[in-house]
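Visitor: Here are the chains, one letter per residue:
Protein chains: 4
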Amino acid sequence: MIVFTVAVLLLAGGSGAAVAQSGGQTGNVVKYHATMKDVKYVYGVAEPVARLKPGDILETNSVDAFGNAIQKPGDTMSMVKGDNPLTGPFYIEGAQPGDTLAVKILDLQVEGNQGIGAFAPGFGALNETSYTPMLHPPLPEKIWFYPIDHATNTATFQALDSNFKVKIPLHPFFGCIGVAPAGGEARSSIVPAEFGGNMDSPEASVGNTIYFPVNVPGALLYMGDGHAAMGDGEVAGTAIEVPLRARLQVSVIKGQKISWPRFENDDAIMTVGAYRPLDDCVRIAFTELVNWIHNDYGLSELDAYELLSKVARIHLNEMVDPNYVIVASIEKKFLPSKKR
Amino acid sequence: MIVFTVAVLLLAGGSGAAVAQSGGQTGNVVKYHATMKDVKYVYGVAEPVARLKPGDILETNSVDAFGNAIQKPGDTMSMVKGDNPLTGPFYIEGAQPGDTLAVKILDLQVEGNQGIGAFAPGFGALNETSYTPMLHPPLPEKIWFYPIDHATNTATFQALDSNFKVKIPLHPFFGCIGVAPAGGEARSSIVPAEFGGNMDSPEASVGNTIYFPVNVPGALLYMGDGHAAMGDGEVAGTAIEVPLRARLQVSVIKGQKISWPRFENDDAIMTVGAYRPLDDCVRIAFTELVNWIHNDYGLSELDAYELLSKVARIHLNEMVDPNYVIVASIEKKFLPSKKR
Amino acid sequence: MIVFTVAVLLLAGGSGAAVAQSGGQTGNVVKYHATMKDVKYVYGVAEPVARLKPGDILETNSVDAFGNAIQKPGDTMSMVKGDNPLTGPFYIEGAQPGDTLAVKILDLQVEGNQGIGAFAPGFGALNETSYTPMLHPPLPEKIWFYPIDHATNTATFQALDSNFKVKIPLHPFFGCIGVAPAGGEARSSIVPAEFGGNMDSPEASVGNTIYFPVNVPGALLYMGDGHAAMGDGEVAGTAIEVPLRARLQVSVIKGQKISWPRFENDDAIMTVGAYRPLDDCVRIAFTELVNWIHNDYGLSELDAYELLSKVARIHLNEMVDPNYVIVASIEKKFLPSKKR
Amino acid sequence: MIVFTVAVLLLAGGSGAAVAQSGGQTGNVVKYHATMKDVKYVYGVAEPVARLKPGDILETNSVDAFGNAIQKPGDTMSMVKGDNPLTGPFYIEGAQPGDTLAVKILDLQVEGNQGIGAFAPGFGALNETSYTPMLHPPLPEKIWFYPIDHATNTATFQALDSNFKVKIPLHPFFGCIGVAPAGGEARSSIVPAEFGGNMDSPEASVGNTIYFPVNVPGALLYMGDGHAAMGDGEVAGTAIEVPLRARLQVSVIKGQKISWPRFENDDAIMTVGAYRPLDDCVRIAFTELVNWIHNDYGLSELDAYELLSKVARIHLNEMVDPNYVIVASIEKKFLPSKKR
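Chains as they are written, first to last, in numbering that gives the first Met the number 0: chain X, 0 to 339; chain Y, 0 to 339; chain A, 0 to 339; chain D, 0 to 339.
No lab work stands behind these hints: they were computed from the structure.
Computed from a predicted structure; not experimentally measured.
Using N, Cα and C, we set each Cβ at its ideal position, and we do this for glycine too.
Honestly, I wouldn't trust all of these hints.
Residues from chain A shown here face chain Y by an in silico Cβ test under 10 angstroms; the list is partial [what the hints assert, rightly or not]:
hint: 1; residue: 35
hint: 2; residue: 36
hint: 3; residue: 40
hint: 4; residue: 43
hint: 5; residue: 140
hint: 6; residue: 142
hint: 7; residue: 184
hint: 8; residue: 186
hint: 9; residue: 188
hint: 10; residue: 190
hint: 11; residue: 285
hint: 12; residue: 287
hint: 13; residue: 301
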């Protein structure tokens, strides 16, 4: 199902924001630098900031989830103009509704020397939110600053109420990555759904390919909400929030229609389920995974279901955005050879 | 909070089902062999099958989740007399309501050469169940047999609808382990809750210590539902179901009251949340973990909450029993030194 | 399905706590007066306080949900020894597992001149609870006293923070009514489930018959948690909590097995779904209702499903106990004649 | 809070699709006839089909949820081009973000002599859907036709699998009514959310006023998905689906910001909660209702919470759309006089 011939996809590059010949790499390199002047706050149809051909490599960046507004002790959440400003959209030539867009993450680097953690109003698994409201007074606003050490590839947690510090290994990923939704919808940058979006998936990191359904001509790819590291569930509402620099390669799988985002690397196939409650996320991700195994690897649906009950992995990405996100996966070593 | 002096607990052994001096081990060894004649189907107050002193080592066994009723192709689920027959209860001397029972799992061995997987009626994340009923016809009954190879420590999945086979590494654990509930309740062996029970936690395996609230004199420990291996979520309703042989060591932490089961090993502390939907499991497990960190490691609650948002792990154990189970954890390397 | 011949059931009364000939009524009258000395806190197998024959009328009473511990301003929730003390159990002669117990409520009277409302710790749809915990400070303890006026059949709400008062019409019902659970379970008096229990159903009131599955010999009927009036959802965690005096008539439907409690009166049939989230309550109650219509009124399951989509009623009884409760119903005027 | 001076709002009418002087009524009458040529499938910013002034009366119509595509036995769901085609948008002069739009429903008439019920793919509380997927085969497609009798104001259910027929009283309402969402979002016509939309609220009927938050200039009002009658929960996925003719009056409450839709009539105030699971719908609707009572009627929040626990009503509108909908209400007779 995910089979495609690279040769077909890697058409010669055209004009972009800035196109350079990539050395040993297939595809041209398109460079685009995002600033707060041209970020977006919805996934939807908008004027592309650059155009990519299948096989092209995109070098770009993202501001942090707060639009880089929080910089030093004393700054407050009221200084944030909008959550999750997005870089994009990028138009991918030849991508048409009914195709699948593949985005391979080649490199991600944390920009700057500091990340932010905060109790963002309305976010958090252990406090009342807009969609799980209660009558308690809200938790107090708190902001933590995480010094980033690029040499050791760590961020440092510093407790606010005691002297404790501890280093946390970096695992940079895009909290937001997605395409224009189907059916003429436009969705807020805080929402994850069928089009991807604010999935807060640590799987959106180097070495993995992300597949999205193409819903509009050109797919219209967006990304943002860089995370330097995050715990499962993102329970207090934020990761270590950072600006990112990224290298991504895009391709198009013609005529393959998927319903939800998927991840893949050399070792595993992974499916996304997003909504609430988490129970439904699990159901979505696993029916997707059963279907993927059935269609591409040839097990019957019930054999696939049984096998998953013995070897599947579930990664609860976040339970703090309007929709929650689960990734279900199986290692390829447990699967038959892929059908051709 | 979990600090206790082993010397205090390891009182000289008394009479049990069968007591032997343990060689280099602390505590006596109590042996008890369970058969289908004396299994139980509820966690509650019942005549103890043996008595243990704190520090004693229990050598026992469990029949499989089907009471060993499914043995060969052609056997059907209608032959199963009751789900999750339990070994026990074991009375632990000195355990009183308000204490904590600690059970360290020293050894677990799969008995026999075969495990079972099945679509158990009423179980399964992708089929209608008693508590998520629908109007569809149910999925057909299916049973998979998993040959166990003790030499390679693997079980083999054999597809029913194609020729595919694959080996799965063994990770034996008790699907059921728990104590008599609080407040005079008695609960079915298929239910996980505050008293533990059918948690289907792969964490109930060698090297880990499980903590339970003591609700009745003697705590009354039960175990069963052996699993040779299981995928996250146990999505089709069963693991590789097997009889087990076990060595466990029990101790009592006097005067420490916990609300939910906990796990601990050298590397991590782990808390259990059980109910439905999964959203509430997450909330329970994380408030427990915040409290544990706050009380034993001295971080403020809000610092603990923030730190977990950056480094916590979530393990979705099962979404198929009447209550669902999540384990939340943090590695000790991210925590301050334990308070004394 | 619910057809039974009263003549068959109304065998001559035997000995009870106190048996009197009922005048024009069928069946003997058994009187039993409950006090805090002999209340129970679990639904389970216990020594019966009285025995009833099918057709007998029970005259009894219940203490309030707080064991009548809260009496005047200044009293606190810490004075409450246990939630929902239960009157019973009553043994119904001839009721055997696999039968259905029918309990018709003939009369309910509020005892005394005052009802209580309170923020009971751990209860409430808009505050954190044991099973939906959060990190907020809890809402403050508050107790409201509701003067009862028997002449006008009203209770009066008196605001604590302003001078506002308003009269509320009485609709007395048992918050708790249920039988011993199946499978050897014993369940807390705060839990509603398949055996009934803390359903907080205003349907448990005069004029309605309640059906319960019989799980143990004698069924073992309990009741308590009297409510003088309650809003849908019981959202703050309590109704107007009162002691009650009751007249009930019991009968047994031999050989009819039901899975969940049901209500019926001259105008409607009603089914109960209890668990969480509410979504699953709805699914349980409606599959029960589809089955009831299909089996007793002869519509196909899919016709019944469609018809319910046009005329069903849903009553959200409570969303504050450990399990939540929904009652689904259809008016008999929309149904075919009952099959005989 | 909902106080406004009609005199201020009823500015002289301007140009519309068709403007006529309304006789004894305040405000002009604007007529707009919707056809399948100009329906919309998202709530969002689009070219207005007509403009209204506050106080104006709109006379318009809507096609049915299937775009009138299902007309006779043998027609299939595959003939439906899109769910819930919407009439609109209507631009309301003077409505600005931060205001509240009030829509009073003056008259609703079922058009034609037939309504439709169907198992719409992906909808239904007792079958698997896109967001609660399972591995069962789907329920078979079925369509029921409901003859409408305008003389008796009834529709007739006719069983497909037996000879049973029964009349159902008409209660016409808009399943869909809403405005352009906030934050630049555009949402499918099958979704209910903060902007209203596919709420399937029987409260959207004659005699009630609906309040919406104004998110964009002109508010941009849409309506559709006419229902002749519907059961609570709309459990099989459809009501009696019909085209409607409508008379509505719009007004604008300047400077009043609400977060979710609200209903009001002479007897009650009502709030909407929409998402999933239903638990969160209840939390949203009741925090909204507590706030409304607190702000407009002067009870403290905790007094309001307590009072609602005694007298509130909950109406489960639907549990079949992507988001579920609950309406919570309180009768005005239980409230203090409104603050001015």
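Visitor: Look at each hint and say if it fits the structure.
Guide: Hints, verified against the model:
no.	hint	in the structure
1	35	violated, 17 angstroms
2	36	violated, 17 angstroms
3	40	holds, 6 angstroms
4	43	holds, 7 angstroms
5	140	violated, 20 angstroms
6	142	violated, 24 angstroms
7	184	holds, 5 angstroms
8	186	holds, 6 angstroms
9	188	holds, 9 angstroms
10	190	holds, 8 angstroms
11	285	holds, 8 angstroms
12	287	holds, 8 angstroms
13	301	holds, 7 angstroms
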